[in-house]
Amino acid sequence: MIINFLFAAIKAGTPLLFGTTGEIMTEKTGHLNLGVEGMMFMGAFMSFFVAYHSDNLVLSLLAAFAIGVFAAFIYAVLTVSFMANQNVTGLTLTIFGTGFAKFFGAMMIDEAGGSPKLSTKFLNAISEKSIPVLGDIPVIGKLLFSHNPLVYLAIVIAILCTVYMLKTRSGLNMRAVGENPGAADAAGINVTLTKYLHIMVGGGICGLGGAYLSLINGGGIWNNSSVVNGQGWISVALVIFASWNPAKAIIGSLVFGAFSVLQFYVPKNIIEIPNAFYVMLPFLITTFVLIVTSMKKSKEGSQPAGCGVNYFREER
Amino acid sequence: MERSIRMKKEPLFHVVKKAEVSYGKTVMLSLLAVVIAIIAGGIFILAIGQNPFEIYASIVQGAWRSKIAAKGTIKIAIPLLIAALGITPAFQMRFWNIGAEGQIIMGGIFATYFALFLTGLPHWLLLILMFLAGAVGGGLWGLIPAYFKTKYGTNETLFTLMMNYIALYMIKYLTEGPWRDPASSGFPKIASFVPNARLDQIFGVHAGWLIGLILAVVMFIYLKFSKQGYEISVVGESTNTARYAGMNVKKIVIRTMFLSGAICGIAGMCQVSGAAYTLGEGIAGGVGFTAIIVAWLAKLNPIIILIVTVLFSMLDKGCSVMQSDFGLSPAVSSILQGIILFSILALDFFNRYRIVLRQRRKA
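Protein chains in written order, with my numbering: chain A, 399 to 714; chain B, 2 to 364.
Source of the hints: derived by calculation from the structure; they are not laboratory data. Errors might be hidden in some of the hints.
Said to hold, decoys possible - No more than 30 Å apart at the CA atoms, straight line, and that leaves these computed lysine-lysine pairs for BS3-like:
1. B:K18 x B:K300
2. A:K515 x A:K527
3. A:K565 x A:K519
4. A:K515 x A:K409
5. A:K646 x A:K409
6. B:K150 x A:K646
7. B:K225 x B:K76
8. B:K252 x B:K150
9. B:K19 x B:K190
10. B:K150 x B:K26
11. B:K76 x B:K152
12. A:K409 x B:K251
13. B:K251 x B:K152
14. B:K251 x A:K695
15. B:K252 x B:K173
16. A:K409 x A:K565
17. A:K565 x A:K646
18. A:K695 x B:K152
19. A:K527 x A:K540
20. B:K150 x B:K76
21. B:K300 x A:K694
22. A:K694 x A:K646
23. A:K695 x B:K150
24. B:K68 x B:K225
25. B:K76 x B:K300
26. A:K694 x B:K152
27. B:K228 x B:K150
28. A:K646 x B:K152
29. B:K18 x B:K190
30. A:K694 x B:K252
31. B:K251 x A:K694
32. A:K695 x B:K252
33. A:K694 x A:K540
Stated by the list, open to error - With the C-beta cut set under 7 Å, the calculated list includes, among others, these residues of chain A facing chain B:
34. A504
35. V687
36. V690
37. M693
The beta-carbon is built from N, C-alpha and C at its ideal position, and this holds for glycine as well.
With the hints as extra help, turn the sequences into a complete structure.
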């Protein structure tokens, strides 16, 4: 049962891992994008739409990534170039993205004359498959090597982002921009370009999280009302929990995923805890982490110093 | 690595902050922004194969065409207006209170307690108690992040954001647990309020609109003419200036956040007592987030907030006829809101900055 529980936790945590990795990229360049929920919604719709019409997994994921990049581009234009308030722009993006998915989702339902359903061929491509040999190892095989392909994609992206952030020159530049754009500018880093690039890539990754929700969690059927359902906001919370580090986000998403499925695994006759408590848990713990890191005044595990403040070159 | 040193040309243009902008010019630019935003929305409508004029006309009509429709529009406007007014002092102080949603909910929860368990009180006393309870509930919910911000510098944007969901799931807990209506079989819900605990109607709409209007005027005077309002502005401009001037910044932050949360809590009280007659998970339903946008668009001016709120509610209500009239999903409302807001946010740039082109060097 423990194995089943952990397996379900990984499955539930993966969309969060996408969203969190994307948001970490964004926040590390100094921009708090509250549009994760909206970008996920847009990614969810686009991936499903393309999957429905093309039956091609790669195309579907590319579409989700592309629409995420597009949404983040709007955000970047407004906050980086036009220096609009980041919170307000992000919230607007959430409203826009949610509307976008629901509007075109309703159109898709109309066109299909009922809830559109993905083909068995496509569902087969994204189904859980045990990797030969490795998947046959007891316990570990089931836990680590028999997931759907998107789980591995999420982990690979998170690891790549960590390596990029911590080990490469342009990753260093990006962190410099997030901490102190003025100093980065003086050092000859192109602040505007760095910000645009990472915000957009971050948005694309969030879009992939949406794809996971509509393709995997949706069970192949488009559900117009509850595709994303707050997962974007949990991702924003997870960024704090993971202390702005994608590698820690892998563990964090597992923990948060575990919370979300915990209520189905805790035997009701032994400990009776209201269901609401389980769903509240990620937010309670995040708040706790937020307070503790601020009490410790640690520079390591806290938000990039330049986050939330737009950079205006002539105001230093 | 060797890098050749080149003389770079001066960039084609650079951005300069505007000093004082005259009031008339700001108004003109803002109106222009609204017009351009509406045109941008029209282009979207055109792109989905509809006539923008017809759609816009039917949105306005849909919001006001009958008494029932007009009442619906006002009903949407009430919580939005009150919550936007609540956010205003916090934002004026540059305290990014993203937690209006949670503060609305807490106000609703506190008010609901009285509505459920003290039904025997006289009507007016019960309503006053609910009103105060709502304000205290929302206020406390705003106080917590303010306390940690002043004490440890905890990031208030993220803190208030988290508090929203803690509040939301508290409703879930109450609905499924202690406050569950034993009379309702099946899906758990909280019992409907007895008529004694319902907000009275004035001209066919619950009295929340009157509360909203009064609050708008009070907030306008409070921010513009009171000492506390002035302190809020100074802290917003620069905490250091405020400290040098001998102001107690911590006290001001905590007091203002209590006020901000309390007003949002009143919005929650109006929702449970005037609109829903019960407490449900949809009680705030994103109003807290939209309110932030409304307050910001209105440049934190309570009177303009009133106007923007009405426009937003019109768009929301008017789009509900899209399904019957054009076969379009009412979600078109969110898309239009998004497009219009994006345009206005972008164009606001020209209110604050101007672009200086590269000048030809004179020989």
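The hints, checked one at a time:
| no. | hint | verdict |
| --- | --- | --- |
| 1 | B:K18 x B:K300 | holds, 18 Å |
| 2 | A:K515 x A:K527 | holds, 21 Å |
| 3 | A:K565 x A:K519 | violated, 40 Å |
| 4 | A:K515 x A:K409 | holds, 21 Å |
| 5 | A:K646 x A:K409 | holds, 17 Å |
| 6 | B:K150 x A:K646 | holds, 26 Å |
| 7 | B:K225 x B:K76 | holds, 28 Å |
| 8 | B:K252 x B:K150 | holds, 12 Å |
| 9 | B:K19 x B:K190 | violated, 54 Å |
| 10 | B:K150 x B:K26 | violated, 37 Å |
| 11 | B:K76 x B:K152 | violated, 39 Å |
| 12 | A:K409 x B:K251 | violated, 44 Å |
| 13 | B:K251 x B:K152 | holds, 8 Å |
| 14 | B:K251 x A:K695 | holds, 18 Å |
| 15 | B:K252 x B:K173 | violated, 34 Å |
| 16 | A:K409 x A:K565 | holds, 29 Å |
| 17 | A:K565 x A:K646 | holds, 16 Å |
| 18 | A:K695 x B:K152 | holds, 12 Å |
| 19 | A:K527 x A:K540 | holds, 10 Å |
| 20 | B:K150 x B:K76 | violated, 35 Å |
| 21 | B:K300 x A:K694 | violated, 36 Å |
| 22 | A:K694 x A:K646 | holds, 19 Å |
| 23 | A:K695 x B:K150 | holds, 12 Å |
| 24 | B:K68 x B:K225 | violated, 36 Å |
| 25 | B:K76 x B:K300 | holds, 23 Å |
| 26 | A:K694 x B:K152 | holds, 12 Å |
| 27 | B:K228 x B:K150 | holds, 23 Å |
| 28 | A:K646 x B:K152 | holds, 28 Å |
| 29 | B:K18 x B:K190 | violated, 54 Å |
| 30 | A:K694 x B:K252 | holds, 23 Å |
| 31 | B:K251 x A:K694 | holds, 20 Å |
| 32 | A:K695 x B:K252 | holds, 22 Å |
| 33 | A:K694 x A:K540 | violated, 39 Å |
| 34 | A504 | holds, 4 Å |
| 35 | V687 | violated, 10 Å |
| 36 | V690 | violated, 9 Å |
| 37 | M693 | holds, 5 Å |
Hint compliance for this structure: hints 3, 9, 10, 11, 12, 15, 20, 21, 24, 29, 33, 35, 36 are not met, and every other hint is.
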